[in-house]
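*Asks:* Listed here are the chains, written in short residue letters.
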Amino acid sequence: MMGNNRRKLSMVGLALVVTLLAAACSSNKNSGTTNQGGAGTAQKGGVYRTALSDFGFTGGFDPTGEYLGLAWDMFSTMARTLVSYKFVAGADGNKLNPDLATDLPTPTDNGLTYTFKLKPNLKFSPPVNRAITSKDIEYAFERINAKPLVAQYGFYYYGVIKGMDGNATAPAPISGIETPNDSTIVFHLTKPTGDFLYRLALPATAPVPQEVGKCATKAGDYGRYIISSGPYMFQGLDKLTVSSCAAIKPVAGFDPTKKMYLVRNPNWDAASDSLRHAYVDGIKIDVDSNVDDIFNKVQSGALDGSLGDQPPKTILRQYLTDQNKKKYLHVDSGDRTWYVFLNTTTPPFDDLHVRKAANYVMDKAAIAQAWGGSTSGQVATHIMPPTVLSDQLGADFDPYGSPDHTGDVAKAMAEMKQSKYDTNKDGKCDAPACRGLVMVNRNVAPWTDTEPVVVTSLAKIGIQVKPRELARGAAYQTTQTIKNQIPVGLNAGWGKDYPDAFSFAGSIFSSADLVATGNPNYAMIGTTPAQVKDFGIKVPPGWVAPTVDSDIDNCQKIPATDPTRVTCWAALDKKLMNEIVPWVPYLWANVTTLTAPSVTHYEFDQFSAEPSLVNIAVNNKEKLGS
Amino acid sequence: MTQPALTEEQTEPRLQPPSGPVIAARSPWQLFRSRFMQDRIAVAGAVTIALLVVLALAAPLFKLVVHRGPNDLFGSTMLTKDLGLPKGPNGRFWFGGDTVGRDVFLRTIYGLRTSLTVAIIATGLASLIGVVLGMIAGFRGGVVDTGISRLVDIVLSLPILLFAIGISSVCSTSPNGCLHGLLQPGLSLVIGIIVLFTWPQMARIVRGQVLSLREREFVEAAYSLGARPSRIMLRELLPNVVAPIVVYTSLIIPANILFEAYLSFLGVGVPQSTPSWGRMLADASSGQLFTYAWWMLACPGAFLLVTTLSFNLVGDGLRDALSPER
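If you're matching them up, the sequences are chains A and B in order.
For the record, in the first sequence the residue sitting at position 567 is 567 according to our numbering, with numbers rising by one throughout.
For the record, in the second sequence the residue sitting at position 250 is 250 according to our numbering, with numbers rising by one throughout.
To be clear, the hints were calculated from the coordinates, so they are not data collected in a lab.
One thing to keep in mind: the hints can contain errors.
To be verified - With a Cα cut of at most 25 Å, we get these calculated BS3-like pairs of lysine-lysine:
#1 325(A) <-> 87(B)
#2 466(A) <-> 63(B)
#3 81(B) <-> 325(A)
#4 460(A) <-> 63(B)
#5 249(A) <-> 297(A)
#6 297(A) <-> 326(A)
#7 623(A) <-> 258(A)
#8 44(A) <-> 297(A)
#9 81(B) <-> 327(A)
#10 483(A) <-> 466(A)
#11 123(A) <-> 191(A)
#12 214(A) <-> 162(A)
#13 87(B) <-> 326(A)
#14 81(B) <-> 326(A)
#15 191(A) <-> 117(A)
What the hints assert, rightly or not - Rough simulated footprint, nothing fancy, chain B against chain A, three-plus residues with beta-carbon under 8 Å:
#16 45-51
#17 449-459
#18 572-583
Keep in mind that this is a model prediction, so the values were computed, not measured.
Glycine is no exception: its CB is placed at the ideal position from the N, C-alpha and C atoms.
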C-alpha cells in the first residue's frame, strides 16, 4: 500500500504521499526503542483525540477501493474480516488470527479450496442491526469484482478466485465463492496461492450489507456511510435512514476534508472479538493542515496523540533529550524500504557494474542522518525489511557494505572500471551517458535533504545527475510513466500490503507489474521484448532485461504456513541484490508517534504500520455524543 | 617652505570677474552626481552594493581559503549524531551548518552570486524588452500601440506567482524540460520567468513618456529636418527617457532578487547545487527548524534584507537626483 503503489497507482500515488509522510518513521523492533506510553494499566473510557494534516484517501475511504495505509488503520475500527491481526506492534502484530471466522482453515483440494465458518452473534451496526452472514462477505467480493467501484488492489483476487476478473459491470454473484448457509463461505481458487489468507485480511473483504451497498454505485460512495462490523462506527450512523437508496446520505461524523468522529457500535460483541480491546469510548480525528500545530497540541495535551504525520526534528529533539518526555515518543517499524531506483533500460544503468558501483558508493549514513538519524529508521542493506522476512535476512546481509555505511569509494571505482562506460578505466564514468541524467525527487524534506548526498555520492564515480524536485503526486506520476524512462529517482518507497514478501518483492519486480502508467517496477525488471515495443521505449542495443519472474512464481507456490516460503523470499532478495541490483536501498523506515500523558496505554498496529486505534487507552474525561 | 599656492593667489584676481560668485555651467551628469552625493543614505546604499559585488566576485577566493565548496557535505562534523540536526557557528564554519552539513557562510556568499546574477541579467533583459516595446508603442501609436498595450495588460493581469510555479513545474516534469529542451529547470528558467513578468511595467512607463515627448517641438524639428523614425527614437527620444529607465531599473532589481527568492523558497527556483537565499530560508523554516538552528534563517535573511534595502535606497536616491522637480 502507500508508497507502495500498485497498478491503479496514479491515484494511489497521491494517496501515497500522505502515507509515506507518515511512514517516514517507524520502529523497528530491532532497535528496541519502542516505548509504552504512560503507566501500564489500560482502562475503558475517554476519547482518543488526534489530528492529521490530510486524510489523502485514494478511494474515498470505501473499503472496496481504498489503498491508503492510514485508512487501513481506521478500518480496523469498523471493518472486520474473516481473518485479521491483533493490531499490535512487532512480529505478533504480523500474525494472522481468525476474526469473523472461527479459525484459520487449512486449504483442501491441493490448496484450491478454503472453507470458513463464521462466529455466532456477529451483528452489523445501526441502522442495519442484523446478523452478519456469509453472503455479506461474498457481496464484498462482488464489489471488488465490479469495475465501476475501482478496487485498487483487486489484483490480489482477479485470476486467483474463480470467476473474478475485475471486469463485471456491477456486483454480481461470483462462481468461485459459495455460501451454502449463512455461516459458511467457501472460496475456490484457480491456482494454489500460498498467501491467500493474508489477502482475506485486507479491508476490501469486510462484509457489506447488500441493502446499503447496492446504493453505492460509484467508487468511493460507500466510504461516507460504512455499516460497521467492528467496535466503532461513524458518529451519526444510527440516524441514517436506509429504507430507500434516495434517503442514504453521508453521515455527520465523517467529512474527508475535515474530520472523522467514531463512537461505539452498540452491536459489537466483545466476546466475539479477541483482537480488539476497544478501550476508548470514541475516536476524534480532525484535519489540521499545519503539522507544527498538531505537534504543539499534542505537547499541550489538547490532543492525545499524533496520527500519520511525522514530528519535525526540532520537536523530536525535545522528546529525545528530555527524560520526562521520552516515554511519550513511540518509534515502530514501518515495514517499509526507501530506495534510489536505477532504471535498467537507460544507460548507464543498463550495465550491472554501474548499478553495483552506485550501491558501493552511496553514503547511506549521511542519508539516514538527513532523515533524522537512528529514530528515523535503520540503514537498509537489501530490498525487503527484515521484519517482512521474519528476520531471516537481517542487516548483516550487506553485499555493498562499508564501515559505518558511509560508502566504499575504492570498491565502487573498481566496479566502475569494469564498465564499458568507463572508457579510460580510471574508476569514473566518462561516457556521455553518465552526464545530465535526470533524477526525480520530491520537493520536501527529508527527500530534499537526501538529494545532495545522493548527488555527491554518484559524482564520486563520475555520474552527474540533474535533480528535478517535484510535488509528491507529480514525482510519482513522472517516474511511474514508463515512456518517460526516468533513469534514476529517489522519491521511491515501498511498504508491505500484508506481512508476506509477495506484497513486497512479488509486486514490484515482476514483468506482470509493468504498466504504461502507474508502474511501480521502476527498474523495469523482467521487461519482455514485446513490452519494449508496446511501451514504445528505447533500449540500448542488445539489451536483455534482468528477470526474476520464475523465482517469484516458485516462492508463490509455497503455502504461507510453510517456513520455506520465507526462505525462498530471502533467497530472492539476495539474488536481487547480487545479480539484478534494481535499487540502492537506503532506509528501512520507522513510524514515530508522539502521545500526551493522557494516553495510559499506547499500541502500534504493525499491519497498517500506524498507531493502533483499537488498542490505545486514554484517561481523559472527554465525551463524544452519538 | 615654499608656498606655490601663493603664486596662484597672486594671479587669481586678474582672472576673476569684478564681483559676484562664480557661475559655472554644469552638465546634467555633474548636476546628477552632486545631488546624488548629497544623499548620504543613497551613497551608503551604493557603497554597500559595491561591497556586496566585491564579496560575490570574491566567493571563489573564500573557497580556496577554507578548502571546501558550497556543496560539500560535512555531515559527520556539522550534524548531530542522534537526529542529524545542524550544528551552529564555530571557528571553521562561521555561519554554522545546514540540514545536510553544508557551510552556511559559503552558501550565503554563493547565494549572493545567484541573487545578483539573476537580478542583473533578468532586469537587464526585462528593461531592454520593455524599453524597445514601450518606445515603439508610444512612438508608432495606432494598431501597434494597441497590440503592445493589450499584451502588457494581459501579462500584468496574470497571477504571477501561480504562473511561475506552473511553468516551472511543467518544465520539470518532463525529462527534457519544455519547448523541446529549450527551457530546462534551473537558473535560465528562473531568469526567463522573471523577464516574462517584469518587462510590461517598463514598457508601460516608457510608452507613457514617449507619448508625451513625441508631441514636443524638438521632435517636430527633427521631423522637419527629414530625420528617419529610427533616428528620432534613438537620438531624440531615448536620451529623454533615460532618467525614468534608470530609476525604474534600479527599483526592479531588488524586486527581482526577492522574486528569485520567492521561487526558490517555494521549491521551483534554482536547483540545490546552486545556492540560493530563498532556498536556504525554506530549509530553515521547514518543520520550524529555525527555532533551533537560528543561523540558517538569520544569515541568508540578513543578507537578503541588506541587499534589497541597499538597492531600494540607491533607487530612491537616483530618482531624487534625476528628477528634482518631484
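*Asks:* Compare the structure with each hint and give your call.
*Replies:* We went through each hint and held it up to the structure:
no.: 1; hint: 325(A) <-> 87(B); in the structure: holds (23 Å)
no.: 2; hint: 466(A) <-> 63(B); in the structure: holds (23 Å)
no.: 3; hint: 81(B) <-> 325(A); in the structure: holds (20 Å)
no.: 4; hint: 460(A) <-> 63(B); in the structure: holds (20 Å)
no.: 5; hint: 249(A) <-> 297(A); in the structure: violated (33 Å)
no.: 6; hint: 297(A) <-> 326(A); in the structure: holds (17 Å)
no.: 7; hint: 623(A) <-> 258(A); in the structure: holds (19 Å)
no.: 8; hint: 44(A) <-> 297(A); in the structure: holds (23 Å)
no.: 9; hint: 81(B) <-> 327(A); in the structure: holds (21 Å)
no.: 10; hint: 483(A) <-> 466(A); in the structure: holds (19 Å)
no.: 11; hint: 123(A) <-> 191(A); in the structure: violated (33 Å)
no.: 12; hint: 214(A) <-> 162(A); in the structure: holds (23 Å)
no.: 13; hint: 87(B) <-> 326(A); in the structure: holds (22 Å)
no.: 14; hint: 81(B) <-> 326(A); in the structure: holds (17 Å)
no.: 15; hint: 191(A) <-> 117(A); in the structure: holds (22 Å)
no.: 16; hint: 45-51; in the structure: violated (count 0)
no.: 17; hint: 449-459; in the structure: holds (count 6)
no.: 18; hint: 572-583; in the structure: violated (count 0)
When each numbered hint is compared with the structure, violations occur for hints 5, 11, 16, 18.
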